[in-house]
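So you can see what is in the structure, the chains are spelled out below.
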Amino acid sequence: MNARETVLGRVRDALTLAPKPPAEVPRAYRTGRTLPDADRLALFVDRLVDYKAEVHTCAADETAATVARVLATRGARHIGVPAGLDRDWLARFDGTVQEDHADIPAPGLDQLDGVVTASRVSCAETGTIFLDGAPDQGRRALSLVPDLHVCVVDLSSVAVGVPEALARLTPHRPTTLISGPSATSDIELERVEGVHGPRTLDVIIRTDA
Amino acid sequence: MSSTFLGMPAAPPRSPYGSGNLRGDEKFPKAAHHELRNDQLRRNLRKATHTIRGKRLNVTAELPDWEALRDAGSAIKTDTMNRLPELLEQLERKVTEAGGTVHWARDADEANAIVTRLVAATGSEEVIKVKSMATQEIGLNEHLESQGVRAYETDLAELIVQLADDKPSHILVPAIHRNRDEIREIFLKEIPGVDPELNAVPAELAAAARAYLREKFMTTKVAISGANFGIAETGTLSVVESEGNGRMCLTLPETLITVMGIEKVLPRYEDLEVFFQLLPRSSTGERMNPYTSLWTGVTPGDGPQEFHLVLLDNGRTAALADSVGREALNCIRCSACLNVCPVYERAGGHAYGSTYPGPIGAVLTPQLAGMHAAKDDPNSSLPYASSLCGACFDACPVKIDIPSLLVELRHQNTEQSGRTVEQAAMKAAAAVMARPGLYTTAQKAAGLGRVVAGRDKKITRLPAPFDGWSESRDLAAPPKQTFRDWFASDEGRATLGAAAREGAESRAESATPATDDSEEQR
Chain A
1 MNARETVLGR VRDALTLAPK PPAEVPRAYR TGRTLPDADR LALFVDRLVD
51 YKAEVHTCAA DETAATVARV LATRGARHIG VPAGLDRDWL ARFDGTVQED
101 HADIPAPGLD QLDGVVTASR VSCAETGTIF LDGAPDQGRR ALSLVPDLHV
151 CVVDLSSVAV GVPEALARLT PHRPTTLISG PSATSDIELE RVEGVHGPRT
201 LDVIIRTDA
Chain B
1 MSSTFLGMPA APPRSPYGSG NLRGDEKFPK AAHHELRNDQ LRRNLRKATH
51 TIRGKRLNVT AELPDWEALR DAGSAIKTDT MNRLPELLEQ LERKVTEAGG
101 TVHWARDADE ANAIVTRLVA ATGSEEVIKV KSMATQEIGL NEHLESQGVR
151 AYETDLAELI VQLADDKPSH ILVPAIHRNR DEIREIFLKE IPGVDPELNA
201 VPAELAAAAR AYLREKFMTT KVAISGANFG IAETGTLSVV ESEGNGRMCL
251 TLPETLITVM GIEKVLPRYE DLEVFFQLLP RSSTGERMNP YTSLWTGVTP
301 GDGPQEFHLV LLDNGRTAAL ADSVGREALN CIRCSACLNV CPVYERAGGH
351 AYGSTYPGPI GAVLTPQLAG MHAAKDDPNS SLPYASSLCG ACFDACPVKI
401 DIPSLLVELR HQNTEQSGRT VEQAAMKAAA AVMARPGLYT TAQKAAGLGR
451 VVAGRDKKIT RLPAPFDGWS ESRDLAAPPK QTFRDWFASD EGRATLGAAA
501 REGAESRAES ATPATDDSEE QR
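Read top to bottom, the protein sequences are chains A and B.
Heads up: the first sequence begins at 1 in UniProt numbering, then just goes up one per residue.
Heads up: the second sequence begins at 1 in UniProt numbering, then just goes up one per residue.
For the record, the hints were derived by calculation from the structure and aren't laboratory data.
Heads up, some of the hints might be wrong.
Stated by the list, open to error - Derived list of chain B stretches under chain A, where covered just means 3 residues or more per stretch with a C-beta under 8 Å from a C-beta of chain A:
id : stretch
1  : 83 to 90
2  : 429 to 439
Unchecked claim - If you want the footprint, here are the derived chain A segments under chain B, 3+ residues with CB under 8 Å:
id : stretch
3  : 12 to 21
4  : 195 to 203
No residue lacks a Cβ here, since even glycine has one placed at the ideal position from N, Cα and C.
Generate the whole structure from the sequences, applying the supplied hints.
And the structure:
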């Protein structure tokens with residue numbers, strides 16, 4: 001017998017030897033929650049700030065101005081963007097833009113001052129942004145290697161809790177959940193923001209989009 | 001593929017003796033003695049476990065449905081174990097459909113051989129690693145080293161442990177036993193080209209690790225990870241982390257090899273909504289950990305283009321074959337039970353001798369690797385490394401009844417050890433107690449025990465074969481006079497008579513019943 005058949009055979013033997021306890025899964029936890037826009041925004045901002053993300057709010061028609069202002073504040077002159085990003089968002093940015101494609105090796109991304117992406121969905125209760133590799137978010141390496149990530153979130157895409165956010169995802173897409181900048185508590189449990197992932201996370205929330 | 005029924009089911013084997021990291025060199029009480037002498041270690045541990053306890057309580061109290069989430073998490077895991085064969089086959093099918101390759105490993109040696117072969121096929125002589133309990137359990141790094149492959153741990157704490165040629169002592173914070181000054185010393189000594197002016201400040205130390213590993217992330221062609229969850233329904237794997245080293249390893253290399261215990265499978269994608277709430281809040285005490293990655297096989301143009309999943313048994317099916325013990329397989333490795341355990345807080349993780357320390361380790365390790373009576377196995381001491389206070393049960397996000405499992409394992413250990421001196425002594429005691437005359441004589445004889453007691457009327461060391469018992473306990477010296485002697489004496493009769501009179505008087509006084517505190521008297 002090969003390893004596969006042996007292991008599966010052992011699992012079946014084990015379940016025959018020991019009776020199975022009943023297992024009805026109770027799902028009494030909260031799902032399908034909604035909150036008015038203002039409350040969802042307040043909760044989301046509170047949680048983002050708690051995790052040391054920098055938060056900016058604007059109207060959709062102020063996107064270009066806000067993106068340009070954030071990049072200028074960070075001193076970012078050379079930025080990367082996914083191929084499907086709405087280029088109007090960069091209309092006011094006067095630096096250089098590198099459009100990403102799969103052949104650019106990781107060290108090529110390391111040269112960037114930062115990256116601007118959209119996002120799929122967010123979770124207000126935990127301050128989590130979900131990227132799923134859609135054309136306006138790009139491949140996973142793009143939002144990982146540069147030290148600055150400017151992420152645009154539409155308020156309509158912000159769900160209240162974890163179940164509500166996960167329900168909006170497509171499982172087979174490569175998905176990254178981001179809650180603040182990278183961090184470690186490995187030394188004496190003292191939290192340090194910024195290890196291997198982007199050390200700075202700017203979140204631009206478009207309140208009418 | 002359907003399997004043919006070949007006859008009576010056989011008890012699945014434990015992880016083979018002598019392989020991997022599921023067994024220490026010494027029994028727990030002896031190993032704990034080394035650690036207990038280390039004041040620095042105890043200070044580090046106390047500070048860390050207390051900090052994280054407070055954080056966990058804050059964020060779990062925040063959710064009004066925390067108990068409902070625990071109930072769901074517990075039931076999902078039980079349901080998973082009940083349906084493990086079909087779920088594993090479904091996971092295999094889905095991963096394969098998505099462009100991955102699935103391998104099966106009966107034990108640690110087989111898993112190590114599979115991974116080594118896969119690494120060799122890439123031509124790479126180095127790999128980057130995401131912190132993983134499963135690969136620590138099978139001793140993968142040591143095996144790769146012996147085959148000429150250098151493994152770089154990329155989690156900050158794992159890096160500290162690896163650079164110091166040390167062993168992890170905590171599931172979540174493997175270097176919890178080290179403080180900042182010790183870590184600075186390790187970095188100065190072991191990281192080539194590190195700034196000699198490096199200060200013992202966590203932010204500076206983290207920055208030094210970033211600089212050291214950056215180039216490795218950019219250039220290494222193979223990564224090895226574990227997995228927190230594997231979804232049968234979709235073939236999706238998940239790694240939960242904080243630093244971004246996980247994302248680096250899961251995204252940048254050309255080949256990704258994931259080693260996952262078979263108990264990590266979950267039935268549905270939807271189940272993540274429960275575990276993505278339970279795990280971070282129980283583990284780091286955060287509402288959500290900074291990064292979680294989800295991937296399904298291979299995605300063209302994004303991430304590793306070659307993906308291998310190694311499904312590991314290594315004693316898990318042996319645990320599954322125990323109707324009580326199988327509950328330990330529900331563990332999601334959050335480490336909340338370590339942080340609340342009074343024994344772990346003092347003894348530290350190394351004393352358990354296994355990759356899995358603390359309360360969950362004390363029930364999981366003996367089940368994966370066995371407690372071999374004939375070999376005087378250190379693992380047979382683990383079920384006793386507990387005061388059975390129950391704090392671990394309260395903290396567990398999937399409600400594993402660790403105290404009951406410990407008691408069951410103690411029972412099994414006693415059964416397995418056959419006719420021990422202790423059992424013979426108990427049998428003799430039963431025979432003596434059944435004959436009053438013999439019992440009185442025996443009690444008088446026990447009075448002789450006074451000669452081995454110290455001036456403080458304590459016996460700190462019993463003669464063999466009872467020395468095991470007194471290793472971690474003191475025994476009060478037997479009194480000069482037994483209770484039965486005293487009872488029959490003039491003094492005893494007088495005292496009892498006085499007590500009886502007093503009792504009768506007080507009953508007469510309280511003849512009018514007080515109704516107010518009837519609740520208490522009921």
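We went through each hint and held it up to the structure:
no.	hint	result
1	83 to 90	holds (count 4)
2	429 to 439	violated (count 0)
3	12 to 21	holds (count 10)
4	195 to 203	holds (count 4)
The structure is inconsistent with hint 2 alone, although it conforms to all the rest.
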